[in-house]
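Spelled out, the chains give:
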Amino acid sequence: MRLSDIKHFSESLSRTIISNDIRDEMHDAVTRISQLRKQTAALRDHAGLTKNDVSKLHADATRMHLDSATDQKIKLGLPALLAELSDDYGLGWSQIAKLVRVSVPAIRKWRTGGDITTPRLRALAQLAAFLKLLGDQDIADPAAWLMNPLSTDLDRGLTKARLYAEGHDVELLDYADGFLNLEQLMQLAEISPAEVHIENDLVMGQDGFYSIVPIGG
Amino acid sequence: MVEGLGAPEGISDLYLARGEEVSILRPIMTGDIFVGIEIPGVESVSIPEVEEVDGDKQKLAMIVSHPCSMREGCKLRPKLQVIRVVKTAKVIELKGWKNNFDRLPLPNLHGSELNDYAVDPSDFYIALYDYRGRVNSGDLKLRGRVACLTEEGVSLLHQRMGHYDTRYPARLSDLTAACAPPFAEAELEQEWNEAFVETLSLSEDEQDEALAREGEEFERLLSDIRPIPSADGRKTVDRRLRDDLATANRSLNARRIFKKLLKARKEELTLARLSAELTAESEQSTHEDAGPHTGSSEQSVPN
Numbered sequence: 001m002r003l004s005d006i007k008h009f010s011e012s013l014s015r016t017i018i019s020n021d022i023r024d025e026m027h028d029a030v031t032r033i034s035q036l037r038k039q040t041a042a043l044r045d046h047a048g049l050t051k052n053d054v055s056k057l058h059a060d061a062t063r064m065h066l067d068s069a070t071d072q073k074i075k076l077g078l079p080a081l082l083a084e085l086s087d088d089y090g091l092g093w094s095q096i097a098k099l100v101r102v103s104v105p106a107i108r109k110w111r112t113g114g115d116i117t118t119p120r121l122r123a124l125a126q127l128a129a130f131l132k133l134l135g136d137q138d139i140a141d142p143a144a145w146l147m148n149p150l151s152t153d154l155d156r157g158l159t160k161a162r163l164y165a166e167g168h169d170v171e172l173l174d175y176a177d178g179f180l181n182l183e184q185l186m187q188l189a190e191i192s193p194a195e196v197h198i199e200n201d202l203v204m205g206q207d208g209f210y211s212i213v214p215i216g217g
Numbered sequence: 001m002v003e004g005l006g007a008p009e010g011i012s013d014l015y016l017a018r019g020e021e022v023s024i025l026r027p028i029m030t031g032d033i034f035v036g037i038e039i040p041g042v043e044s045v046s047i048p049e050v051e052e053v054d055g056d057k058q059k060l061a062m063i064v065s066h067p068c069s070m071r072e073g074c075k076l077r078p079k080l081q082v083i084r085v086v087k088t089a090k091v092i093e094l095k096g097w098k099n100n101f102d103r104l105p106l107p108n109l110h111g112s113e114l115n116d117y118a119v120d121p122s123d124f125y126i127a128l129y130d131y132r133g134r135v136n137s138g139d140l141k142l143r144g145r146v147a148c149l150t151e152e153g154v155s156l157l158h159q160r161m162g163h164y165d166t167r168y169p170a171r172l173s174d175l176t177a178a179c180a181p182p183f184a185e186a187e188l189e190q191e192w193n194e195a196f197v198e199t200l201s202l203s204e205d206e207q208d209e210a211l212a213r214e215g216e217e218f219e220r221l222l223s224d225i226r227p228i229p230s231a232d233g234r235k236t237v238d239r240r241l242r243d244d245l246a247t248a249n250r251s252l253n254a255r256r257i258f259k260k261l262l263k264a265r266k267e268e269l270t271l272a273r274l275s276a277e278l279t280a281e282s283e284q285s286t287h288e289d290a291g292p293h294t295g296s297s298e299q300s301v302p303n
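Protein sequences, first through last, are from chains A and B.
Position one of the first sequence corresponds to residue 1 (the numbering used here), numbered consecutively onward.
Position one of the second sequence corresponds to residue 1 (the numbering used here), numbered consecutively onward.
Bear in mind the hints are in silico, worked out from the structure with no lab data behind them.
C-beta: ideal position from N, C-alpha, C; glycine also.
A portion of the hints provided could be inaccurate.
Not the full set, but computed from the structure, chain A residues with beta-carbon under 8 Å of chain B [as the list claims (entries may be wrong)]:
(1) 9
(2) 38
(3) 41
(4) 42
(5) 77
(6) 80
(7) 82
(8) 94
(9) 138
(10) 139
(11) 141
(12) 151
(13) 152
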């Protein structure tokens, strides 16, 4: 065997050893990355579950806050509650009726001294409590906030008041607080943006009353 | 079937008042139904399911003029558009509102309700768009009013009427928003009348006089230019309350100001009454001190 053959064999052996080492190391690296991926997936799932748990806990806390504020408001009694909603917040009787899901004649009956059931009284108190909590969240005019449309890009019938009447009070408080964005709020309320896209504008006519005109028309 | 045509969620969503709930203190509005109204040019209704129950005998009529075009100031225009309302044997359930284009269903018109979703066949009426005409507004008497529709009810009335006339069903939320200012005014005017028009002790003529007087007072309240404080109370701007009531982001503030003005007028009238009573007592005691009583000088002041 010549010296050059020995040298060539030695170099070849070194390359094989190095190549095997690299392959082994790469295999280890892939294994470690795979393990890392599994660990992060578990962490992600855990964080997701924790987020859901915390969100639910937060929603429960908001509900408890609203309930305890409602208990306080009930103590005011019917006449004071109606006066607060109407005189202080400026809500109309038909607006109050829609928000607490009763008829306007029912509200009129209560205003003139008629009896009210406990659940209905609680509904009025809860509305007053809800507006108070909104005020505590630095909403300058809570009733106006509630009566306004969710967004200028959406159908004007889709007001926060509608969502409140449909029972999304806690979600609305979270939305006012910035905890939920519009998209999340609409998801929770099961509203598809495509269904409620605004089509028309209201324009004050020459006679001093509104006309309905297509947007961009 | 037309998907764009709406329907009420429940029957009570249609009516602001029915039967005994109807108050003479509410101003006349679109969607109000009156009894005993002859409509010029509208013959008796010849529809089999109506004739079967003699459904046209009450001569019911519903105002369909738009709330924005039925008044000049606080007074009704001399003529208003109405359509005939009749009882019918053919009941339309809530799911049937997407058809039956020529009519507005009026379930449980007189208030009979099994529940909010069950139609009472013996109390089922329809308003017919084909049977339309103009009547003298003076013929529409407050005491002949049998029902008032809600804003949603009027939007449904106009959506169906528009679709019947043009085949285009306008969006309900747009119709409701366009009608919101006059409906807000009507609600506030009723509240004003409830505060200042005595219904128990006055004759019908006196009630009508009081309603006309307070109608003008209410009109002044809405149309006078006054310094209106902003929602945060930091500044005031000279505006008409009516304009603010018609502006979405100022309407609740306008309502709050209205409530304050109403309260202030109540206090003013109470003070005037107490002052008049005191003066009368004082005069009476002067008369008694001076000699035999010769008569009362008590003034008539709204209670």
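Starting from the hint list further up, note which numbers the structure goes against and sort them upward. 1, 2, 3, 4, 5, 6, 7, 9, 10, 12, 13
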